[in-house]
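> Below are the chains, spelled out letter by letter.
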Amino acid sequence: MSSTVSPRTPTVRARWRRPSLQTLRQLVQLGVVGFVVFVAGRHLVLGETAASAEAFCPFGGLETLYSYLTGGRTINHTHLSNLALFLAVAVTTIFARGAFCGWICPLGTIQEWTYAFSRWLQRRIPPLGRAMNALRKSLNPRSARGSATGPTLGQRIDHGLSYGRYLVLAWIIGGTITYGSMVFRDYDPWSALLSLAELQLSVGTAVLAVSLIASLFVERAWCRYACPLGATISLMGRLSPLHIERVESACTSCGLCTQRCPMGIDVARADAITDLSCITCLRCVNECPRPDAIDLRLAVPGIHSAAAPTPTSGD
Amino acid sequence: MTTQTTAPRARGILRISGLAYAALILILFFGTIQIAQYAGLWSVSGKLTPDGAAVQLSGADPAEIKGWMTIESVVDAYHMDKVALYARFGIPAETPTSAALKDLEVVSPDFSITALREWLIEQAAP
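Protein sequence lines, in the order shown, are assigned to chains A and B.
Under this note's numbering, think of the first position of the first sequence as 752, with each following residue one higher.
Under this note's numbering, think of the first position of the second sequence as 706, with each following residue one higher.
Everything labelled a hint here was simulated from the structure, so no lab data went into it.
Idealized CB from N, CA, C, for every residue including glycine.
Possibly wrong hints are sitting among the right ones.
[Claimed, not checked] A few chain A positions that, by computed beta-carbon distances, are all more than 10 Å from chain B:
1) R824
2) L879
3) T956
[As the list claims (entries may be wrong)] A few chain A residues facing chain B, derived, Cβ under 8 Å:
4) V842
5) V1036
6) P1040
7) D1046
Construct the entire structure; sequences and hints are all you get.
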């Protein structure tokens, strides 16, 4: 008995893979958010005798690293736990690229939930859905990007704003070294979110509100444009031997991978996804209807299989 | 007739399954934290040392002073006159010495942890 496998028809294997890995990722994210809620709630109930959720922020580790290395002391509001968490993020990043952002970071998770809520609303309010479709089309790297037209306005803005997180990172590192204090704390949306439980409002609350509102329109807006920890991970991730790779001969160019990428990377046009903003959530791998067209691969950093001669397939 | 495209496999490149990657992330992240805890690089409070002992002011370095510490602990560690401290920062006389330093910023606009540290350095200077 024979059957025809259309390039766009998900195979049994692809259908099986899709829910399992992303469900696992979402369970890990949920577990981390649950842990943070538990720590924050415990601190709220028990007060100063219980650890603050801020003690579990890896970015605090980066902020206090200079002080710890030069003076053996952590700056105010940071502890050894922050340093250990930053070390854990660094080790994870060096081996597994942007995995912390895509699998663990609770702020990224909350933005994913916000965007999922937005998609839910769009399905129920057709005019909103149409407007958001137009916005997505404008931001999608595959849209209207021909040699004649060039990038759309949305793509240009998206590209320009993507450098914002490196500016934020430079400001924080410079400020922390200069003043020896957490210059970012008052603007930090994560710190603001934890403080909300204690009914404290700050500039960070406004940054958090703007980030979450932006996440209704652009998935992971804070991660894309302003997250200093994401910028750090992006830079360290260049050392990682892992990356996602697309096999052009197996690809049907359906563009699903690009559409599903939460960071707006044009996966469908790349051979190896070495884009600094890749958070290795593996959505592109799971969404691909051709199991062999896109995969996670281990290689020497800077070398990918597309660079090597590959046999021609008889598609 | 079945038409199945086979993707070419590159030489020397190892394909990693999603589940193996998930396991790698969890082992790397939580394993590193576990190792840090075993190595003593773990404390979730500035009030406790990694060994679990209460942090005490040595009286030698004002940078050690934290907002959660009390007036009493600073006065004792630096052998200073409480009245001089209250007068320098305009702290109301009725403020108990058991008050946390971070709470003084509310009752005394002149007070800050940084200003206290600087003042202590000045006092210690010959």
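> Next step is simple, just say for each hint if it's right about the structure.
Results for each hint:
1. R824: At roughly 7 Å from the nearest Cβ of chain B, R824 of chain A sits no farther out than 10 Å, so the non-interface label is violated.
2. L879: Given a closest Cβ separation of 33 Å, the condition holds.
3. T956: Holds: least Cβ distance 20 Å, greater than 10 Å.
4. V842: Holds. Min distance 5 Å.
5. V1036: Since the shortest Cβ distance to chain B is 7 Å, the answer is holds.
6. P1040: Check failed: Cβ of P1040 of chain A comes no nearer than 12 Å to chain B, outside 8 Å.
7. D1046: 5 Å, holds
Hint compliance for this structure: hints 1, 6 are not met, and every other hint is.
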